[in-house]
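Trainee: Given next are the chains, with one letter for each unit.
2 protein chains.
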Amino acid sequence: MNVVSVADILYGYISKNTEITIQGWIRTRRDSKAKISFLDIYDGSCITPLQIIAYDNLYNYKNEILHLTSGCSVTIDGIVSASIGMKQRVEVIAKSIKILGWIENPSTYPITAKNHTMKYLREVSHLRPRTNIIGAVARIRHTLSQAIHTFMHKQGFIWVPTPIITAYDTEGNGKMFCVSTSKNQKALHNSKEKTNTYDTHNFFGKEAFLTVSGQLNAEAYACALSKVYTFGPTFRAEYSNTNRHLSEFWMIEPEAAFMTLDDIIILAESLLKNIIIVLLKECSDDIKYFINKIDKNIISRLENFTNIKFNCIEYTEAIKLLKVCNKQFNIPIHWGTDLFSEHEKYLSEEYFKSPVIVKNYPKSIKAFYMRLNDDNQTVASMDVLVPGIGEIIGGSQREERLSTLDQRLQENNLTQENYWWYRDLRRYGTVPHSGFGLGFERLMIYVTGIKNIRDVIPFPRTPKNVNF
Amino acid sequence: MNVVSVADILYGYISKNTEITIQGWIRTRRDSKAKISFLDIYDGSCITPLQIIAYDNLYNYKNEILHLTSGCSVTIDGIVSASIGMKQRVEVIAKSIKILGWIENPSTYPITAKNHTMKYLREVSHLRPRTNIIGAVARIRHTLSQAIHTFMHKQGFIWVPTPIITAYDTEGNGKMFCVSTSKNQKALHNSKEKTNTYDTHNFFGKEAFLTVSGQLNAEAYACALSKVYTFGPTFRAEYSNTNRHLSEFWMIEPEAAFMTLDDIIILAESLLKNIIIVLLKECSDDIKYFINKIDKNIISRLENFTNIKFNCIEYTEAIKLLKVCNKQFNIPIHWGTDLFSEHEKYLSEEYFKSPVIVKNYPKSIKAFYMRLNDDNQTVASMDVLVPGIGEIIGGSQREERLSTLDQRLQENNLTQENYWWYRDLRRYGTVPHSGFGLGFERLMIYVTGIKNIRDVIPFPRTPKNVNF
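Chains as they are written, first to last, in the working numbering: chain A, 9 to 476; chain B, 9 to 476.
Think of the hints as simulated: they come from the structure by calculation, not from any bench.
The list cannot tell twin chains apart, which means a pair is met if one copy fits it or any two copies do.
DSS-like mimics (lysine-lysine), calculated; alpha carbons at most 27 Å apart, straight line:
1) K317 / K289
2) K472 / K183
3) K95 / K289
4) K24 / K162
5) K162 / K281
6) K214 / K127
Generate coordinates for the entire structure from the input sequences, incorporating the hints supplied.
Mentor: Shown next as structure tokens:
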């Protein structure tokens, strides 16, 4: 028998009158006078369910089919047919319906057809991919991830798996998780007693942490292979319980030799627009689902994003705009302070009403590795701010001049010894190079319009939460 | 000016007589009577260097060009020309050569044109991508990774980023790294004193670890979206200083609802063959480089791999073969023991002389989640063994029957409470499902023939080593 997916049937890859087998789960069941039942089936291949027609001549119609509830798993043999109803183009007339798994006590099944709050769904993160909304999120995330790999590949970038366990604090803020081995390596679930003794030095020979960025390592590869990118998990041990922060999140970090700040600004804009064009094309039904549920303007918002030229302004200009706008900010702003969420939102949502790139921030608020500009006050850095989110990308040209790098290390109380290999990249055939980091989950909340970042990653890790 | 890559020129995308700019690093310089110099340039886009012809009429010929050494970075404007020499089809006649970065003290440059040992290169992991061999490894890894994403996507699998930080020990062997926060969160590099106090419970509210597998989480998504896969880092806190073990490595873990053990055996074979076909096509020059350096039979070995049907035998049959082979093993083998490296190698290298799949291992040596066979003694598991490596893939059909799962949890001293959400997948619309894990770096050593796994990942993490 020809085993196919719901998408295969609904998107027309299967001709009518073909005998097929379909495997999935019941979304809903409607009965008509107990002589015919309409089963909506999903299997994750697309958001639209497939309608199955079950007549009462099926041997298990009364005893089983009339008892099917949302979430039951089934294997159905049937024939693809033109639908008589108006809701769908094709449906499947069942020849047999085999029930694989029932729902234990359907009245207490945590995922029913009714709408649940996103907060409630987080408590059943193992079951929430069965809902329409989280299923759509999963397909959108997959499509964006594929589009990113494809785009980077076509641009000549090589994927580099930079290390997760590291001895370096790239961002220099010390908000890192420590990695250690338990002194008495007991399996968690076997031990009743808590193992509170950790051996931090023994395994790796020095203190080890979870990476906050693959950038420094990616630079080593860019200084040999020209164009590289990372796509992997990164970590922040910050007690931030906001709807924009995760302790564990994924980042894409392109790093390119011979590129200047302006080159990576072009790359960033091109990457974002390109992957959203792919998304609109390949996930149109999933995106349409969000119109009613999340953001009625989602399609025009995303189409607009791909069509407009991003605004690009100097940090100094941004400060001027924020000072003259007569808006009361919680955190006062002046030249030399970092932009906070409220400032970023004003710029992108109220002033420009579009994505905006702010560049050349003061060196005092940026990391040691950013290239010092000729004014000696600012560094060749850039942030991409988008409406509704704020910063989605942060990047810079890297300091390629050894003497300037050494001066910046010193200003940041960092030692040359610790960064010996990073300095080597400047001692031996140094090149101008630049890169940026794109927070994958920030991108997800931007494209979907979903409010809380915990809902765009399968199993979110946040303070006090390492469930599932 | 038209900025292009070495590959653009060598693979013929640029017509002759085109004016181009090329940016890269010097591999070698040869001079002919100080009137003309031949510079071999690399930029990471391919293994073959581009020959640049520099005549002595260039303004900096004597003062700069004649002093160029391996590793110097340059920007060259020139014209693509048919080569007079036999070694290459095209070359570039330089109109200007701008030196971007010199080599500080060339006689001590760690990466010279001469051959270094792989062990030595590990000590300069930040510079080793500049060598031909590690550059080739990077392109091969990228090509395989892209091929895996593309293959899985075409098969209808959705990429799922399963969590890195977890409270679960999927394999049940307790060899996990602990994740904690330092009690006095000091930036590593700023603090002279060691911070030896770790707060293991406070941040996440319970003990947290680095994942050994994304499987349990992937199962939750497969039981909603049918076909999913992970591609991410996994960790083992094992003191294994072998050439096949890393503390941090990448795994691909497909997980598919409605698939049986035999279905994923077909998937595994198809995945491996497909990505190697892509590799042979897209990285042929990199692969050819390995003929002289690593494995003279690499191409026939890989082509053969894609052409033969894998052998598939029962564990029970494997034990019989190992018992009658008259070979002295260090670890004696009998029904009920696990296969060790020497046994796996005998089967794939000596007996079958080809990849071999061993299936249906005794339940006593396998994890709780594998599906119990009708004999009550074995589980529906499979390992793919390849010559030179041993196990490259391990997989199984998962236990989808709640009562059997509960029995297996009990036999393994695991509590139902701890696995409440994993049990839910069986309580609500359970389905047969299967999956496997493919170790990405094991795959890399198989395809390249490189002996030590530390040489196929950019910055290896092993006991006592968290450098770079």
